[in-house]
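Novice: Using the sequences and the accompanying hints, generate a full structural model.
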Amino acid sequence: QRLAEKPCSSSSEEEEEEEDDDDVEDGRLGKRGTILQSTLTAYTNHMGDVSELERTRRCLNEVFQSGAITCLICIASVKRTQAVWSCVGCYCIFHIPCIQKWAKDSIFLVSSVTDEDFGKKEHPWPCPKCRYEYSPQQTPCRYYCYCGKEVDPAPDPWLLPHSCGQVCDREFKPPCGHRCLLLCHPGPCPPCPKMVSVSCLCGKAAPVPRRCSNKGWNCGKTCSRTLPCRIHTCTHTCHAGVCEPCPRVSVQKCVCGRSSAQRQCASPLWHCDQACGRPLPCGNHTCERVCHAGACGECPRAGNRTCPCGKSKCALPCTADVPTCGDTCDKKLDCGLHSCSMRCHKGPCETCRQAVTKQCRCERHTKRMPCHKEYLCDSKCNKTRSCNRHPCKRKCCPGNCPPCDLSCGRMLGCRNHKCPSVCHPGSCYPCPEVVQVKCACGSTSLSVPCGREKSTKPPRCKELCRNPPSCHHPSRERHRCHFGTCPVCKQVCQLPLPGCTHLCPAPCHDQVLLKSNQRAPLAGPWEQPAAPAFECKALPCPPCQVPIPTACLGEHEVSPVQCHARGPFSCGRPCGRTLTCSNHSCSLECHSVTPDPKIPKTEAGKECEHCEESCSKPRPSGCPHPCTLPCHRGNCPPCTQMIRQRCHCKITNLYIECLKLTAADEEARKLLTSCKNQCPKQLRCGHRCKELCHAGDCVENCSQRVKVKCPCKRIKKEFSCSRAQQEENLVLCDDICKKLQRKYAEAELEAFEKRQKGKRKKNRRNTEVEAEEGAWLKYRKYLLVPVCGILLAVGAFYLLQSSGSEFRTISRRNFL
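Numbered per the numbering used here, the sequence shown finishes at 805, counting up by one with no gaps.
In case anyone wonders, no lab produced these hints; they're calculated from the structure.
Certain hints may be false.
Pairs of lysine-lysine, PhoX-like flavour, derived with a Cα cap of 20 angstroms [said to hold, decoys possible]:
1) K68 to K446
2) K300 to K321
3) K183 to K204
4) K356 to K384
DEER-style ranges, computed between Cβ atoms [to be verified]:
5) K649 to T617: 15 to 23 angstroms
6) D316 to Q251: 52 to 60 angstroms
7) G286 to P391: 44 to 52 angstroms
8) S239 to Y121: 47 to 55 angstroms
9) C165 to S436: 29 to 37 angstroms
10) C489 to E546: 20 to 28 angstroms
Remember, it's a predicted structure, so these values are computed and weren't measured experimentally.
Just so it is clear, CB atoms sit at the ideal spot from N, CA and C, and this is done for glycine as well.
Specialist: Have a look at this one:
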């Protein structure tokens, strides 16, 4: 079936099999891709990309196209088993027998134009396409591969046709010192991929690595080379070659220096229109030369001069004219045969008027006429021109007939056009026209010589088919460009089904072939019944089979039901809608409920039952009282009954609302059960608890103020009771207490000594009065330190002020 759908072609069976092997499907390389990849491997491995191989790749692709390579001489396909020759100028491929005959005929026609050099001079022969000239020695006689290394290369199905499979190794054009890295290939070699270090065009930048084929690069800096005017520099960016002429304008003097004008700096030398006018050395004449440089030279009338005919000489001053000699002029006239018969005269001689017998150019007739006139007869030339087709017909032709200027007009080998060249001998050049063989959509084309378009197989197109769809779909299924009718649409119908919003899932049925029931009646038993006729019809869409999730009357479950058979049903379960009490549900069997937009679907409707039970909602934690309302919606009302509760100190009975007691947290409950009186409990210290009625044990942190004395009982201080119990030695004796104790001890000692000695004579007691230190002596060190600091700061400030004023004075003097 695939082969039957392919377009017809005149190519051989071998070529068709090769084309079939070259298919590329699903992104995989076929035979053609494998050969191309192996041919370009050396180049891609060295360069990394194939962006510069477009021209070479195009030539390689044409080698694989059936009928793409055509011999322009015989207008026939070039097969892989035939010996070929390739032109070095245009890379066009010809059969070797065809090009040999072409070269032989071209040399013969050129050499036979003139009989005098026939066989004595070597004449080149041109390429039939690009007119590149070859010498007779370059006429091909052997079959070589593209690179010229192998003679008679054997056809290999896994190599390019007419290729040896070796590295090309030809020099690049223009020569760069490197050689081609591709395998033996047709067409031009790609650009050189080698990396070389080259400087920029102006030579200022440091060398950088560049591709050899693209080694000329611009550094972007200004050239700045001195221009020929030797005044300005080049303002162009980095460039190659000689700088452009200076574009600026300046005032420049002429060569003689008399005139000045604004001119381009690139042309400093110019001549004005004035005569020199300077006096010559003779002193009698002036220089008549126009604006010149250097000395004027001698007077042109000085020295020995001759008469006009040149026979006599005389020496005369430059102010005198040379007279005529009176002899015959005898100068040769313009005809070159006769002399001037006039006397010596000034100026040019007259035309020759002597009567002579002249012969015409074709040497057929003679006539007596003046010598200065040319004689042309009226006879027409009967010779054939160089084209060997048309007569000359020129009057009085000397024998060298001009080339034929008529159009050739002969039918070319393509059988479509006539030769547009000037009429010529021999065979006409091949038709220069190129015809595009296109695919069905026209996006892929193949260039073939004119005359081969009918026998060339259209190229395979990788584009998608662009034919408009014949069904209701906006586009066809994705398939390749092809000739003929498109395949039957296999897309999903996707039309909206009647009675629902679903789309038809069946394959497209707009163009279905059906057997026609209309048959023509038979004229008699001798007639055979005709073959059944088929016609394209659009079938209706089938019933919708989409399973639709359908809910029961009470919307308890959703069951899949075919779309065309869906409807309401009862599932048999209890209704389950929440009654108005919001505590119980409807126990009736699944039934329909009239929808009300104000009521949610989960709540009972008019058709549901009504709740008649008492309230069964759980009471708040700690509330022992039941709800007094019937079954109702929402929360129960707060409990307002009073609960009797003893306070923490167990002295007073409190009456508290049940709601407050049950809703309170731990801290609030403690406050509610407190009588707000002082706690009657006694602490271990013996004092009464200062806190209000509270729960739990009293805090042993007595804040009662107590007096604490020092060991000698002289000093008394107040402290909290808890601190007095926890800490010892809160109040210690000071120095006074120690002095008093010492005095008491001394007094007791004296008394003891007196008792031991007995009575004695009273002596005057010397009491030592201890003078207490004054306030100044006691706090002097605390007063002297800050006063000294202040005095030091004031002194430092005045020193800084004086040094700053001196510095400003010195700087002002230096500035002035």
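Novice: If a hint holds in the structure, say so; if it doesn't, say that too.
Specialist: Cross-check of the supplied hints:
Between K68 and K446, the direct Cα distance comes to roughly 14 angstroms. Compliance with the 20 angstroms bound is thereby established for this hinted pair. A distance of roughly 14 angstroms separates the Cα atoms of K300 and K321; the hinted pair therefore holds under the 20 angstroms criterion. For the suggested pair K183 and K204, the alpha carbons sit about 10 angstroms apart, so the restraint of at most 20 angstroms is met. With a C-alpha separation of about 16 angstroms, the suggested pair K356 and K384 falls inside the 20 angstroms cut-off, and the hint holds.
Distance hint check for K649 and T617: the Cβ-Cβ separation is about 19 angstroms, which falls inside the suggested range of 15 to 23 angstroms. For D316 and Q251, the Cβ-Cβ distance of about 58 angstroms falls inside the hinted range of 52 to 60 angstroms, so the restraint holds. Between G286 and P391 the Cβ separation comes to about 50 angstroms, which falls inside the hinted range of 44 to 52 angstroms. The supplied range of 47 to 55 angstroms is met by S239 and Y121, whose beta-carbon atoms lie about 50 angstroms from each other.
Look at C165 against S436: about 30 angstroms separates their beta carbons, and that is inside 29 to 37 angstroms. For C489 and E546, the hinted distance range of 20 to 28 angstroms is satisfied, since their beta carbons lie about 22 angstroms from each other.
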